[in-house]
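Visitor: Residue-level listing of the chains:
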Amino acid sequence: NAGVTQTPKFRVLKTGQSMTLLCAQDMNHEYMYWYRQDPGMGLRLIHYSVGEGTTAKGEVPDGYNVSRLKKQNFLLGLESAAPSQTSVYFCASWGGTSLEQYFGPGTRLTVT
Amino acid sequence: AQSVSQHNHHVILSEAASLELGCNYSYGGTVNLFWYVQYPGQHLQLLLKYFSGDPLVKGIKGFEAEFIKSKFSFNLRKPSVQWSDTAEYFCAVNANDYKLSFGAGTTVTVRA
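Residue numbers (the numbering used here), protein chains in the order written: chain A, 626 to 737; chain B, 2 to 113.
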């Protein structure tokens, strides 16, 4: 049982490039989330999903897109990266019972 | 939407000192409350949580937190810190939906 995994762990992009971050969970959780973590700002919700095939905007969705084609996977896409998207990205999942969200190890993204 | 305030940005203390981190939230209804910890280079882990019942909640590693409804507070405490408690601590609130709102975080540095 790996919990929540994220790939890649690190990435450097140039402004305007695109990339996709992958989150996978093996706990059969319905809910999945993408956060970004910036110094002094805590974790801010980018997008989330309440089930396979669903997505919704969070607090800071601009510049990001997501897809949840399979229940276990939640993809975060950056179509045209900007330096303001330099951050650490965390994925999380929730099973709907204990209300505890389980977090992945994070992806450190730098946009130059 | 609820907001979460953590009073201290950075706390520095010596081993064996007592620790108290403040957390206040703005939501007036029923809430579920969490403290997460992030050790250097690692992902977020749950320290403790409050859903209902005894307002004094005990978590892992000797941490506890007290929910004071009248003050909208959920402060984290540890009577005697260790060097290994050096980490960033996040308070989070769930207002009976499936999203968490995080505070900005408090960095705790414990000097040996």
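Do not rely on the hints blindly, as some may be mistaken.
With a cut-off of at most 27 Å between alpha-carbon atoms, the simulated BS3-like pairs for lysine-lysine come out as follows [what the hints assert, rightly or not]:
| no. | chain 1 | residue 1 | chain 2 | residue 2 |
| --- | --- | --- | --- | --- |
| 1 | B | K100 | B | K50 |
| 2 | B | K100 | B | K59 |
| 3 | A | K682 | B | K50 |
| 4 | B | K70 | B | K59 |
| 5 | B | K72 | B | K50 |
| 6 | A | K634 | B | K100 |
| 7 | B | K72 | A | K695 |
| 8 | B | K50 | B | K79 |
| 9 | B | K70 | A | K696 |
| 10 | B | K72 | B | K59 |
| 11 | B | K70 | B | K50 |
| 12 | B | K72 | A | K682 |
| 13 | A | K682 | A | K639 |
| 14 | A | K695 | A | K682 |
| 15 | A | K696 | A | K682 |
Computed footprint of chain B on chain A; a stretch qualifies when at least three of its residues, placed anywhere within it, have a C-beta under 8 Å from a C-beta of chain B [unchecked claim]:
| no. | stretch |
| --- | --- |
| 16 | 701–710 |
| 17 | 727–733 |
For the chain B half of the interface with chain A, some residues (derived, Cβ under 8 Å), not all of them [claimed, not checked]:
| no. | residue |
| --- | --- |
| 18 | Y51 |
| 19 | S53 |
| 20 | K62 |
| 21 | L101 |
| 22 | A105 |
| 23 | G106 |
Since the hints were made in silico from the structure, they are not lab data. We put the CB at the ideal spot given by N, CA and C, even for glycine.
Visitor: All the hints need checking, so say for each whether the structure fits it.
Guide: Verification of the hints:
For the suggested pair K100 (chain B) and K50 (chain B), the alpha carbons sit about 15 Å apart, so the restraint of at most 27 Å is met. Between K100 (chain B) and K59 (chain B) the CA atoms are separated by roughly 23 Å; this keeps the pair inside 27 Å, and the hint holds. Only pairs whose Cα atoms come within 27 Å are accepted, and K682 (chain A) paired with K50 (chain B) is accepted, the gap being roughly 26 Å. At roughly 17 Å between alpha-carbon atoms, K70 (chain B) and K59 (chain B) fall within 27 Å of each other, so this suggested pair holds.
At most 27 Å may separate the alpha-carbon atoms for a hinted pair to count; K72 (chain B) and K50 (chain B) meet this at roughly 18 Å. Proposed proximity of K634 (chain A) and K100 (chain B) is supported: the alpha carbons are some 24 Å apart, at most 27 Å. With a C-alpha separation of about 43 Å, the suggested pair K72 (chain B) and K695 (chain A) falls outside the 27 Å cut-off, and the hint is violated. Between K50 (chain B) and K79 (chain B) the CA atoms are separated by roughly 15 Å; this keeps the pair inside 27 Å, and the hint holds.
For the given pair, K70 (chain B) sits about 37 Å from K696 (chain A) by alpha-carbon distance, which is inconsistent with the 27 Å threshold. Straight-line distance between C-alpha atoms of K72 (chain B) and K59 (chain B) comes to about 20 Å, which keeps the hinted pair within the 27 Å bound. Of the pairs offered as hints, the one joining K70 (chain B) and K50 (chain B) holds, with about 15 Å between alpha carbons and a cut-off of 27 Å not exceeded. As the CA atoms of K72 (chain B) and K682 (chain A) are separated by approximately 31 Å, the hinted pair breaks the 27 Å bound.
Among the hinted pairs, K682 (chain A) with K639 (chain A) is consistent with the structure: their alpha-carbon atoms are about 25 Å apart, no more than 27 Å. Between K695 (chain A) and K682 (chain A) the alpha-carbon distance is near 18 Å, which keeps this suggested pair within the 27 Å criterion. With a C-alpha separation of about 18 Å, the suggested pairing of K696 (chain A) with K682 (chain A) holds against the 27 Å cut-off. Closer than 8 Å: that is the beta-carbon criterion, and the stretch 701–710 of chain A has 0 residues meeting it against chain B, so the requirement of 3 is violated.
For the stretch 727–733 of chain A, the stated coverage by chain B holds: 4 residues have a C-beta nearer than 8 Å to a C-beta of that chain, and at least 3 were required. A distance limit of 8 Å between C-beta atoms decides the matter here; for Y51 (chain B) the minimum to chain A is near 10 Å, and the interface restraint is violated. For S53 (chain B), the interface hint is violated, since its Cβ never comes within 8 Å of a Cβ in chain A; the closest pair sits about 11 Å apart. At its closest, the beta carbon of K62 (chain B) sits 16 Å from a beta carbon of chain A; the interface hint therefore is violated under the 8 Å criterion.
Evaluation of the L101 (chain B) hint against chain A yields a held restraint, the C-beta minimum of about 6 Å falling below 8 Å. Below 8 Å, beta-carbon pairs count as interface contacts, and A105 (chain B) has one with chain A at about 4 Å; its hint therefore holds. Hint on G106 (chain B) holds. Least Cβ distance to chain A is approximately 5 Å, under the 8 Å limit.
Hints 7, 9, 12, 16, 18, 19, 20 from the earlier list are contradicted by this structure; the remaining hints agree with it.
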